[in-house]
Structures are given as C-alpha cells and as structure tokens.
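Asks: Position chain B against the provided structure of chain A, taking the given hints into account.
Sequences listed follow chains A and B, in order.
Numbered per this note's numbering, the first sequence spans residues 145 to 337.
Numbered per this note's numbering, the second sequence spans residues 3 to 558.
Please keep in mind that the hints were generated in silico from the structure rather than gathered at the bench.
The beta carbon of each residue, even a glycine, is placed where N, CA and C say it ideally should be.
It cannot be assumed that every hint is accurate.
Stated by the list, open to error - Facing chain B, from chain A, some residues (calculated, C-beta under 8 Å): (1) A171; (2) P175; (3) I176; (4) G178; (5) G179; (6) L180; (7) S191; (8) A192; (9) S195; (10) G248; (11) L250; (12) G251; (13) S262; (14) G264; (15) G270.
To be verified - Chain A residues, not near chain B, derived (Cβ > 10 Å throughout): (16) M187; (17) E196; (18) H309; (19) R312.
Said to hold, decoys possible - Here are a few chain B residues that sit away from chain A, every Cβ distance over 12 Å (derived from the structure): (20) E51; (21) A52; (22) T381; (23) K422; (24) I486.
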Amino acid sequence: MILNPQATTAFPSAEPAGKNGTWWFLASEIPIFGGLIAAYIVMRLGSAGWSEASSHLNFTIALINTFLLLTSSMTIVMAHAAVQHNALKRGASFLGLTILLGLGFLGMKAFEYSTEISHGFLPSSGIFWSFYYAMTGLHALHVLAGIIVNAVLWTQALRGSLARHPHRVELAGLYWHLVDIIWIFLFPLLYLA
Amino acid sequence: MSSSWTSRIFSTDHKVIAKQYLTLSLFWAVIGAATAYLIRWQIAHPDTEAFGWGYIEPQVYNSLVTMHGTIMVFFVAMPLLLSVFGNFLIPLMIGAKDMAFPKLNALSFWLFFLSSAVLFASFFVPGGAAAAGWTGYPPLSAKNEYTGGAYGMDMWLLALALEFASFLLGGINFLTTTMNMRAPGLTWFRLPVLVWMQLTAAVIFMLSVGPLVAGAILLLMDRNLGTTFYLADGGGDPLLWQHLFWFFGHPEVYVLLLPGVGIMLEVITVFARKPVFAFRPIIYATIVAGFLSFIVWAHHQYISGMDPRLAMPFSITTIIISVPFALIIFSIIATLWGSNISLKSPMLFALGTLGVFIFGGLTGIFNGSAPVDIYIHDTYFVVAHFHYTLFSNVFFGGFAGIYFWFPKMFGRMMNETLGKIHFWLTFAFFNAVFIPMHLVGLRGMMRRIANPMQYEFLKPLESLNMFITLMAILLILSQAVFVINFFWSMARGAVAADNPWQANTLEWSTRSPPPHDNFASPPVVYRWPYDYSRPDSLSDWTPQDRSDDNVRATAR
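Chain A on its own, in the form it takes in the complex (with noise of 0.2 Å):
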C-alpha cells in the first residue's frame, strides 16, 4: 500500500458532482419502479384473470405514446448537443419539442384514463386495474417532473442564462431517459401480456 501523497486532487472523481449525485438519484428511482414491476409480476402468476382485465386496455393509444416518449428522448440529445455548440436557440427549440412531446404523452394518458373511467374501469375494479393505476399514474408523475425540469432549463436557455450551465440538460436528459426506460418496461408488462 505504497501510494503517492498526491494521488488524488482537490477534484478526485472523473465525473463533476452534479452528474455522481444525478446518477446516485437514478439509482434511487429505480428501486421503486423495481418493486412495484416484482410485485406485478409476482401477483399477476399467482392467480388467473389478469389478460382478460389487460385486453380492456387501448393499446394503439399506448403504441402512440411509446413512439413519443422515444421520439423524445432523441430531441432531448439534440437540446444537449446544441446547448454544448452553444446554439442556444436550437437548444431552446429542442427543448420546446421535448416539452410539447412530454405533454402530448400526458394528453393521450389522460384521455385513456378518461376513457377507462366512463367504461367503469377504476382503481377498484380488480387487483389489475389497482396495479394498473397505480405504475402508470406514478410514471405520469414522474413524467410531469421531467416536463417542469425541462421547462425551467427552457426559459433558461430562452433568456440566455444556460450557456453558463450547458450540463444541466444532460443532467436533465439522464433523468428524462430514465422516465422513458420505465415506460419500455410498463408498456409490454401491462398492454401486450
């Protein structure tokens, strides 16, 4: 255990805090998504019923909301990279697209769930429907953060104030990836199975 007195700096890690904590966060978030997936999955083998209650659900809204959840997780990229180039105005501009592409997501989740409700599908019309509810409206939170995050990095970079912290869409763009992932993972667990 021979090592140089200076082995490390002042600033030992390779990443910059904001991005370590960021990371630590994703961690954290995933744990809960991972339970709730588990114990869908878990209860859903132990008794029968599931597929018929699933097939109520609309599956070309969801197919619809796939492609631009994943349609946004490109433009937020293309924010990143041109808030790095220091094109702020393109970066506003995908970012503005992120956003709308964010709300569209939510206007088609609330019209499903609209929809659901008047065929009297609600949180207590079977164990289905409960887990049903219960992971899409916690990603539907987590989606309406991202879209206030984003929103935030937007009138930033409309005013001009980003090109100081370009990292933070990054950073934003971690987490918006995140949201996106899970939504890969609910989609086929509860339309397509």
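Replies: Positioned in the frame of chain A, the structure of chain B alone reads:
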C-alpha cells in the same frame, strides 16, 4: 440582524445542519422514552392509572407501541447515527470545506423537520396516532375499522415518505461528497472506516427503500382509493406488504448498525492507541455484509404463511451474514488485544457497544434459524434481541460518538466523572431490563399485547414484568445525568484543545469548533488514519496530514 437570524436557521453549513439533526433526534429520544415508560407501566400494572399520564386505553396502547418503534428507528436512530455523525464528520474527515450540495443538505434537514412535524401532529388528530405496529402490516393498516384510528395511519405514511425523501437526498450528498471532495492524497483506502460504513449504509438505504416507497403508495391507495393490493377479498395479498416492507426493513438494520460500528471502531482505536486490526478486510466485510443484507429479509416472515420452502434458504443467508460481522467484531477485539487502553467515557461507551452488541448478535442466531424462530416469533425474546442490537448501536454507539466528538462540535469537553456515572448506570439498568425480558419471552409472552394478565399462563410473570418496568424507569431517569452533562458542558465545560484525544483523522487537525469552511488551509493527506504507536515516531500518534519527513524529524 433578521437576515443573519434566518441564515443561521436555514444554514447550509454541514456542521450547523448536524447540530440541527442532533437537536431534533434528542427531542424525539425524549418522546420515544416517554412512550417506552407508558408501555412498560401498562405491562407491569395493566389498566391502572400511569403516574403522570392516567389510564391507558387499549387503542392508545396500540398507538404507543407503534409510535415507540417508529420514533426510535426512524426519528432517533437514523437521524442520530447517519445524519448527525455523517453530516458533521464526512466533510471534516475527508478534508472538505462542506458537502458537495450544501443547499440540498439543508433541504434534507427541512424535509426531515416537516416529516417530524407530521408525525408529532398525528398524536393529536381524532383517532390518535397510527396503531398498526411500526411494521404497518395490513390488513390492520389498510382499514381504519381494524385499529379504531382515523387520520393517524395516513399521517404515518406521509411522515415516512417525507423522511425517506430526506434520507435519500442525504445519502446522495454523502456519496457525491466523498467521491468528489476528498483532500489531496486521501485515496479510498485512506478513508476512515466510519466514512466507509456511512457510505455503505447510504447505498444500502438507497437501493432498499424503493420497494417500500412503492408499497407505501399502494397502501395509501388501498386506504383512500378502494384498491385491494393487500386485501385478500379483492384479489390482493397482505404478504405482499410484508415482502416489500422487509426487503427494506432488514437492510435498514444494517443502515443503523454500520454507522454505530464505525463510531465504535474510531473511538476504540484512539483509546487503545493501536492501529485498527485488519483494516482492509473490515472494509471488504462491510461491503459483503451490505450485499448480503438484501437477501435475508424473509427471516422476519417464517410464520407469516409464506411458502415454507423459503424458510431454509433465508435461514442459511441469515447465518452467513454473521460471518462478515464476526470478522469485524474479532478485528475490534484484536485491536484491543495487548493495547494500552484508557477508559475515558467515550471508550466506556464504545466498549459497551461492543459487549451489548455481541450479546444481541448471539441471540440473533436463535431467531435466524427457522425451527427455533417458530417458537419464539413475536414473543418478548425477539423484543429483547433487537433491543440488544439496536440499543447497543444507537445509544451506546451514539453516546460514544457524542462524548468523543463533543469537543469538536462545541469547543468544550464533557465532564468525565458525570460521563462515567452515566455509562455505568445506563449499562447496569439496560441489562437489568433486557436480560429478564428474554426469559419473559421464552415463557411465551407475546409482544404488543395490552394486558398480559388476561392470559392464565402469563400470570406467573407478573413480578418479573414489574421488575423490568422498575429497571426501565431507572434506565430512563439515569439519562438525566447525560442531559445535565450535555448542557452544563456546552456552557461551562473546560475549553477543548484542537486535538484533545490525540487522534489522527483530519477533523482533529482543525480548530475546535472548526471555522465556517472547516480548514484554514486545505489539508494534504500522507497516510492512513490509524498510524498509532509507530516505532519510528516519538509521539504515539501520527496525524493523516503529517508527511514522512516530519515524522522522521520528530523522531530525531
């Protein structure tokens, strides 16, 4: 003036935040002790008027049992061991000016404050505080008619959710701070063991609490939206909660244990004037224990109705997790072996932690084996066991830490004589409470029953229960010695030197108490933290920031 007043209350200085956590956790410890007193009174003298309170309704008794566990685990142990010592020591021990995210740190504390306010308010709402046990098992927790409460359970869930958010942010801060802010020369294997254990605890908490957050959301939906996740009549399963709860709940045991063990280790090596024995193996054992803590949870559920084939695998993992902890404990004993021990009050409490924890660890082997656990599950044997493990870490370990770092926190020494009296009273009365409690449990007394005298087979235990209650009251009263010492020393104690214990870690290389940015000039680290009694040095300690040239110069 008013702006400086608010900046002090909403401080972003990690040392001030640590003291805020200390204040709040000591407040909760008083409430926790009061609930313990009322519980013990009811067990010893069922359905009589408790001194200073009055008659304890059965519904209130259930609330007291629930809140005692909730308060002691989530509002005393966690803030004291993680937030107070983690916040105060991590930046100082790594030679940093503050946390990586000071504002986030303040936010963590104020979320915890809000959580405390919600939980405290729940005592006073109609229907009283939550009464489903600190584990919140449904169906009791899922429907108010089973416990007779109204708003208490929802407030309990809200308080826990806020608390978890607070500790998640705190853990992110601990980890990022240590990754990014270490002083020059401070490599990972030059970090004090306490920092390693705090970080491992933060990771364990972060990766285990998620499923319980999900579980709490489902329970809130069951209570308020008519879902049936945990209700068998709607296709749900109460066992689901038990799995989600204990998937967090058992790792949580190690979240509390590791910082306590870390404090014990730091104190013991200083007062033994010897390097920690097996430094790297201790760190590896800590990481292994952290991993194993995720696969032992169902040992809380042997008689819950889960698939009995699961009992043996979980028994085996539970026995295996004692191996890394045995390694750590034996290393501590080897550190003490042949050393020049000075029995100052921090050392007394550290040795108390060691002795009491070993006792609790040994009864854990009984509980961990399914065939034995089937007989002692949900009895006072289990209650006695987890008080031996938790009380040792939270109170003996916590007091060791407070007596040891008090001079650094407040710039004054605590009184030695009062500290020693406090230790011996606490040690004597603690054992007088909890050794007989094992016996009560082995005779079959169940936990959480409001009146043991209703059961014919428990009537012979009445005098033993009265003895335990008397000892418990004396245990609580003897803490007055600490309270007096704490406040008297803060105002009138002897002014502390920068390094009163002649210790090596970086927090002792700055002033007592440290200035706002901790170090007058950024420290540079040349060595590991445990260079005690080096043969080539005149003094028996060699601080981490002393270069080899300086050591040789001193020796010459």
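Asks: Give a verdict on every hint.
Replies: Each hint tested on the structure:
no.: 1; hint: A171; result: holds (6 Å)
no.: 2; hint: P175; result: holds (3 Å)
no.: 3; hint: I176; result: holds (4 Å)
no.: 4; hint: G178; result: holds (6 Å)
no.: 5; hint: G179; result: holds (3 Å)
no.: 6; hint: L180; result: holds (4 Å)
no.: 7; hint: S191; result: holds (6 Å)
no.: 8; hint: A192; result: violated (10 Å)
no.: 9; hint: S195; result: violated (14 Å)
no.: 10; hint: G248; result: violated (26 Å)
no.: 11; hint: L250; result: violated (19 Å)
no.: 12; hint: G251; result: violated (23 Å)
no.: 13; hint: S262; result: violated (17 Å)
no.: 14; hint: G264; result: violated (13 Å)
no.: 15; hint: G270; result: holds (6 Å)
no.: 16; hint: M187; result: violated (7 Å)
no.: 17; hint: E196; result: holds (13 Å)
no.: 18; hint: H309; result: holds (15 Å)
no.: 19; hint: R312; result: holds (14 Å)
no.: 20; hint: E51; result: holds (44 Å)
no.: 21; hint: A52; result: holds (40 Å)
no.: 22; hint: T381; result: holds (30 Å)
no.: 23; hint: K422; result: holds (38 Å)
no.: 24; hint: I486; result: holds (41 Å)
Comparing the model with each numbered hint stated earlier shows that hints 8, 9, 10, 11, 12, 13, 14, 16 do not hold.
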